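Going down the list, the sequences are from chains A and B.
For the first sequence, the UniProt record's numbering assigns the number 1 to the initial residue and increments by one for each residue that follows.
For the second sequence, the UniProt record's numbering assigns the number 1 to the initial residue and increments by one for each residue that follows.
These are calculated hints, taken from the structure and not from any lab test.
Keep in mind that the hints are not guaranteed to be accurate.
Said to hold, decoys possible - The calculated EDC-like cross-link candidates involving lysine to aspartate or glutamate, where the alpha carbons are at most 20 Å apart (straight line), are:
no., chain 1, residue 1, chain 2, residue 2
1, A, Lys14, A, Glu219
2, B, Lys113, A, Glu100
3, A, Lys37, B, Asp138
4, A, Lys280, A, Glu219
5, B, Lys83, B, Asp71
6, A, Lys250, A, Glu322
Unchecked claim - Below, a sample of chain B positions facing chain A; criterion: calculated Cβ distance under 7 Å:
no., residue
7, Met122
8, Leu129
9, Leu318
Every value quoted in this text rests on a predicted model; they were computed, and no experiment measured them.
From the three backbone atoms N, C-alpha and C, an ideal C-beta is built for every residue, glycine too.
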Amino acid sequence: FMQHWGTVLTQNEKWVASLSQVALSVGGGVMVYYMIKQSGTTFRNAGLSGRDLCKRDNKRLIPESMGIISGTVFLMVMFLFAGVRFGQHLLSSDKPFPHELFGQLLAALLSISCMLLLGFVDDVLNLKWRYKLFLPTLASLPLLMSHYINHGSTHMSIPMFLWPYMRHCINIGKLYYVYVSLLAVFCTNAINIYAGINGLEVGQSIVIAISIAVFNCLEIPTYLGNIHHLSLCILMPFIATSVALFCHNKYPARVFVGDTFTYFAGMTFAVVGIIGHFSKTVMMFFLPQLLNFVYSIPQLFRLLPCPRHRLPQYNPSTDSLEFSRTTIRTRSLNRHTLLAVRILSSLRLLSAVYVASDPKFDHESTVTINNLTLINLVLYWCGPLHESVLTWMLLFLQVLCTGLAFFIRYSVANYIFSDKPPN
Amino acid sequence: SSMSSNKLLAVFPLTIPLFLVNHLPHDDDVVSIRSQVIMIIALSTIAYFSTDWLIPKITPFLLRANLFGYDINKKGSKEGEKKIPESLGIVPAFVFIVLIILCQSFFYENNQKLVEYNAGLMSICFIVLLGFVDDVLDLPWRYKVILPLIASFPLLTVYANVQGITWIAIPKPLHWLLHESVNLWVFYYVYMSLLSVFCTNSINIFAGINGLEAGQSFLMAVSVVIHNLLQLCFGPEELRGNHLFSVLLMIPFIATTLALLNHNWYPSRVFVGDTYTMFAGMIFAVVGILGHFSKTLILFFIPQILNFLYSIPQLFSLFGYSCPRHRLPSLNVKTRNLMPTDDLNLVNLFLRVFGPTTERSLCLRLLSFQSICCIGALILRYTLAHVFYDSL
Chain A
1 FMQHWGTVLT QNEKWVASLS QVALSVGGGV MVYYMIKQSG TTFRNAGLSG RDLCKRDNKR
61 LIPESMGIIS GTVFLMVMFL FAGVRFGQHL LSSDKPFPHE LFGQLLAALL SISCMLLLGF
121 VDDVLNLKWR YKLFLPTLAS LPLLMSHYIN HGSTHMSIPM FLWPYMRHCI NIGKLYYVYV
181 SLLAVFCTNA INIYAGINGL EVGQSIVIAI SIAVFNCLEI PTYLGNIHHL SLCILMPFIA
241 TSVALFCHNK YPARVFVGDT FTYFAGMTFA VVGIIGHFSK TVMMFFLPQL LNFVYSIPQL
301 FRLLPCPRHR LPQYNPSTDS LEFSRTTIRT RSLNRHTLLA VRILSSLRLL SAVYVASDPK
361 FDHESTVTIN NLTLINLVLY WCGPLHESVL TWMLLFLQVL CTGLAFFIRY SVANYIFSDK
421 PPN
Chain B
1 SSMSSNKLLA VFPLTIPLFL VNHLPHDDDV VSIRSQVIMI IALSTIAYFS TDWLIPKITP
61 FLLRANLFGY DINKKGSKEG EKKIPESLGI VPAFVFIVLI ILCQSFFYEN NQKLVEYNAG
121 LMSICFIVLL GFVDDVLDLP WRYKVILPLI ASFPLLTVYA NVQGITWIAI PKPLHWLLHE
181 SVNLWVFYYV YMSLLSVFCT NSINIFAGIN GLEAGQSFLM AVSVVIHNLL QLCFGPEELR
241 GNHLFSVLLM IPFIATTLAL LNHNWYPSRV FVGDTYTMFA GMIFAVVGIL GHFSKTLILF
301 FIPQILNFLY SIPQLFSLFG YSCPRHRLPS LNVKTRNLMP TDDLNLVNLF LRVFGPTTER
361 SLCLRLLSFQ SICCIGALIL RYTLAHVFYD SL
């Protein structure tokens, strides 16, 4: 079936499709910019608003869930693009119509639009957090069904250094579908928790999207080129609409993006990774999000107390952010947790301040640690920072990790994996 | 009790399709048409119970999110003070979408139909999203025209790429003028997107009485299913794929709508919102376009067409008419009857012509009118079809 993908499009058709998609995306981005500008009042009146806790004026209502605008315009651009891209086959009727490729695109768009719907419903209805794990699984159903129906392969390739011991690729069968839905859950929630300061959610998504797009461009000449081209054409309107959103969301934020956007972004990345068979590469671009998630595990799984907001603390007198803290009674922690805290703080991965007799906690001994997010860790290492400086630093970190991912993918990976497409 | 008599009214129209199901062809492929229809009926029953269970669960979230309204037709009485949750259309839409995604496996072998199925689902999902956004943000009415147009793009794209037929058959009496069939080229696509706009909005404006929106959609869906089943049983074999496609979408829709009616029928405990009316309209447009029976579909929409035509002066503010937010009758608290106002729609027309009555019986009158029109449409379609066209 590899040859089938390769003969579907000629170079010319790809260029026409790409250029029209660039034009459509730019148009979409401009549309998003103006629509967001005009709809602040509408969102506030509908109750979709929040307060910026990292500002001096933290009582002002800021419109929330603006991700719905960028998501809807993204879908509109994709509909128009589908007409252009697959309409070319009507004109040159010598090649058979690529039903499978078109079906893949529809399944991808269906998953993204279901996620957008569920994300917006979650923003409006404020569902409990356990639904945040379940909703991406539901939204990934179209992708799973399309894969199943098209007799998609459920093989995963094994690193080359294990070849003497095992087969070259194993068929993980039904577990592949579990993997796909877990990927969707991870991508959406990882972006969701690596958030809280102006522009971080949109900014990291733009960096990841551009990285995947560059990767797709590099891979187009290979025999899986058509699916990489399709992935690139999905990412172009995403980047354009997200940039428009970023213009309004960067410091100082005039709008918030809401869970709608983080779900939408995470799902888009999971979807292009799955249909293009490069999900492991997508994971490599998620390195900061992965580090943030791993670092947050003790608080997320309640090994340590988890407050409602783990955002950095705003200091009005210096107009900068400091890391936020949680104070815990030492007697409520077991021996192993206390030891782990000591080890991490000696490695300077955690700020731990011990107070033998804390007046605020009935004179018991307490330890005050920073809230376990990457943002707080960076503030611990670098001292108090202005919010926009912090955001740009974290985005720069994201770019560095992308560079590292490309290095690993194109040098080291050749020694680990063969030339077969990884799953 | 009145609840069970209401339920009986709903079951009655379903007997005809169930009778027809027995006569479906069941001797052709490995998975015959009859067994596929029976399977979808079984799955739709699960959808019915899921929707019925889910609606009261979602209600508190909607009330907390300020998505509620007051029942204007009960204004002045005690019930008019109660907060009724709005936009419950999201629940049947959600269950429907999940069921349809899982039912893709029905089209396991047929790639072409699978792509059409997905495109239809894509349009429906997009319109549900837009309908819910509209309910939350209260978008101006120009969006209600533009958004269904955009939501129909996946349909148009799939249609162009997979079938691309832009010829329409001309009725026999007009053969001397226009030949046997006429190619509409791009205007066929304009017609298809206008159909989406029309279906979504016409149900939206023929509304306002407890249970009217869901009730009319239920009756129209049953009529569509009857038409599909008649074509499957007695029609030409090459059109079977189209009608099976339509049946597989309509039956889950009927099931989820019935579950919604359980809570939305007079006296309404929930309101359906624009989410439901746009969802319903789009499903009809999808089956009509991809199933190639849009002209028959329009015949089922006769009450909605009449309501739209009658409302035109108000909708476009012609002849000195203004268009208020709600064009509903007013309640006479003493007699508990609805009194007509000057508004130009079928609801008020029925009150003026047949006299004031309670809300429940007004709804039953309007739905009887819908049933009569649907039955009339079926009779018209099947008796006059061979007068106008060559086939059944």
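Against the structure, the hints come out as follows:
1. A/Lys14 / A/Glu219: Cα-Cα ~14 Å, so holds.
2. B/Lys113 / A/Glu100: Status holds; Cα separation ~12 Å.
3. A/Lys37 / B/Asp138: Holds. Lysine 37 of chain A to aspartate 138 of chain B sits at ~17 Å (cutoff 20 Å).
4. A/Lys280 / A/Glu219: 15 Å, holds
5. B/Lys83 / B/Asp71: 8 Å, holds
6. A/Lys250 / A/Glu322: 19 Å, holds
7. Met122: Check passed: Cβ of methionine 122 of chain B comes within 5 Å of chain A, closer than 7 Å.
8. Leu129: 4 Å, holds
9. Leu318: Since the shortest Cβ distance to chain A is 29 Å, the answer is violated.
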